[in-house]
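Sequence lines, in order, name chains A and B. So for the first sequence, this note's numbering puts the first residue at 1; every next one is plus one. So for the second sequence, this note's numbering puts the first residue at 1; every next one is plus one.
Everything labelled a hint here was simulated from the structure, so no lab data went into it. Since the model is a prediction, treat every value here as computed from it, not as a measurement. A few of these clues could be false.
[Stated by the list, open to error] Dumping the calculated EDC-like pairs for lysine to aspartate or glutamate here, alpha-carbon to alpha-carbon at most 16 Å:
| id | chain 1 | residue 1 | chain 2 | residue 2 |
| --- | --- | --- | --- | --- |
| 1 | A | K56 | B | E140 |
| 2 | B | K93 | A | E62 |
| 3 | A | K56 | A | E11 |
[What the hints assert, rightly or not] Over the 12 Å line for every Cβ pair with chain B, so calculated as not near, a few chain A residues:
| id | residue |
| --- | --- |
| 4 | L18 |
| 5 | R31 |
| 6 | I46 |
| 7 | S61 |
| 8 | K75 |
| 9 | E107 |
[Claimed, not checked] Covered by chain B, according to a simulated footprint, are these stretches of chain A (three or more residues, beta-carbon under 8 Å):
| id | region |
| --- | --- |
| 10 | 20-28 |
| 11 | 32-45 |
| 12 | 48-57 |
Even glycine gets a Cβ: it sits at the ideal position worked out from N, Cα and C.
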Amino acid sequence: MKKRMLGAFEEEVLLVILHLEDNAYGVTIRRMWQEVMGRRISVGAIYATLDRLEQKGFIRSELGEATLERGGRAKRFYKIAAPGIQALNETRVGREKMIEGLGFRWETSRGKV
Amino acid sequence: MLQADRRRIEPKADSKSFAKRTVVLIGLISANAVLLSLSFFLTKYDWIPVVLVTTLAALHKYLLNYAYVELNKDSESRLPQFGERMIVLFLPKGLSECMLGDLLEEYTTIHAEFGASRARIWFYKQLVTSLRPLLWRNLEVVVRTRIRILTDANRKDA
Numbered sequence: 001m002k003k004r005m006l007g008a009f010e011e012e013v014l015l016v017i018l019h020l021e022d023n024a025y026g027v028t029i030r031r032m033w034q035e036v037m038g039r040r041i042s043v044g045a046i047y048a049t050l051d052r053l054e055q056k057g058f059i060r061s062e063l064g065e066a067t068l069e070r071g072g073r074a075k076r077f078y079k080i081a082a083p084g085i086q087a088l089n090e091t092r093v094g095r096e097k098m099i100e101g102l103g104f105r106w107e108t109s110r111g112k113v
Numbered sequence: 001m002l003q004a005d006r007r008r009i010e011p012k013a014d015s016k017s018f019a020k021r022t023v024v025l026i027g028l029i030s031a032n033a034v035l036l037s038l039s040f041f042l043t044k045y046d047w048i049p050v051v052l053v054t055t056l057a058a059l060h061k062y063l064l065n066y067a068y069v070e071l072n073k074d075s076e077s078r079l080p081q082f083g084e085r086m087i088v089l090f091l092p093k094g095l096s097e098c099m100l101g102d103l104l105e106e107y108t109t110i111h112a113e114f115g116a117s118r119a120r121i122w123f124y125k126q127l128v129t130s131l132r133p134l135l136w137r138n139l140e141v142v143v144r145t146r147i148r149i150l151t152d153a154n155r156k157d158a
């Protein structure tokens with residue numbers, strides 16, 4: 001079966017959705033990505049990626065209730081689907097295989113490993 | 001949470017707009033008070049035509065609605081009109097509605113924290129930087145659909 005590899009940004013967005021659990025919608029996804037990555041990203045870039053991931057079947061979305069603070073517009077909540085989890089795993093395994101045997105120490109948040 | 005490195009700027013009060021809004025608000029409150037008292041007074045008398053009372057009530061409702069629209073003009077609860085129209089024009093409805101909601105949510109936060117001009121700059125910056133990925137995505141969808149149609153046609157021919 002053909003392996004489904006994710007792009008770096010797609011992988012990051014999927015991980016953010018996993019972190020946010022039931023509260024994953026455009027604003028929260030963008031904020032968390034910016035906080036973790038330390039860079040800025042446009043709303044359009046997030047939505048383009050979410051649309052692509054949904055079309056690939058990696059995430060599914062449902063509309064929430066319309067709220068006054070959003071001018072009567074509903075939030076679209078995203079949840080990760082089983083193929084999304086599988087794609088994340090395959091991407092991780094693929095990356096680990098590439099890293100194996102390189103022989104230098106990686107810097108992580110806990111120091112060098 | 002917004003970017004922590006942003007400089008805090010006190011929102012500048014627009015004196016003209018504030019004065020205009022205050023006048024409009026006082027005028028509308030007075031007009032509504034008169035209308036309400038009149039409607040209440042007229043209902044005591046059976047001989048007053050119902051149509052008149054209903055018309056006054058409708059006028060009262062219209063003024064309330066007008067006040068709401070007038071007071072919300074250029075305020076934090078509305079995105080810049082041109083940008084909003086651009087998003088509606090270029091994006092599919094399902095996507096544009098959610099994106100506009102998200103933009104409004106953040107716009108309101110920035111408006112409250114940094115003022116109207118900062119919020120407007122942020123909004124237009126978002127609009128400009130969002131165009132490229134969204135147009136690219138639209139193009140991707142169109143090309144993929146076209147390829148699928150051509151592949152299906154070729155399979156049928158074969």
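Structure-based check of each hint:
1. A:K56 - B:E140: The given pair, whose Cα atoms are some 13 Å apart, holds under the 16 Å limit.
2. B:K93 - A:E62: holds, 15 Å
3. A:K56 - A:E11: holds, 13 Å
4. L18: Holds, since 20 Å exceeds 12 Å.
5. R31: R31 of chain A not clear of chain B: closest Cβ-Cβ about 6 Å, inside 12 Å.
6. I46: violated, 9 Å
7. S61: violated, 9 Å
8. K75: violated, 6 Å
9. E107: holds, 23 Å
10. 20-28: holds (count 3)
11. 32-45: Holds, because 7 residues of the region 32-45 of chain A bring their Cβ atoms closer than 8 Å to Cβ atoms of chain B.
12. 48-57: With 5 residues in contact (Cβ-Cβ under 8 Å with chain B), the coverage given for the region 48-57 of chain A holds.
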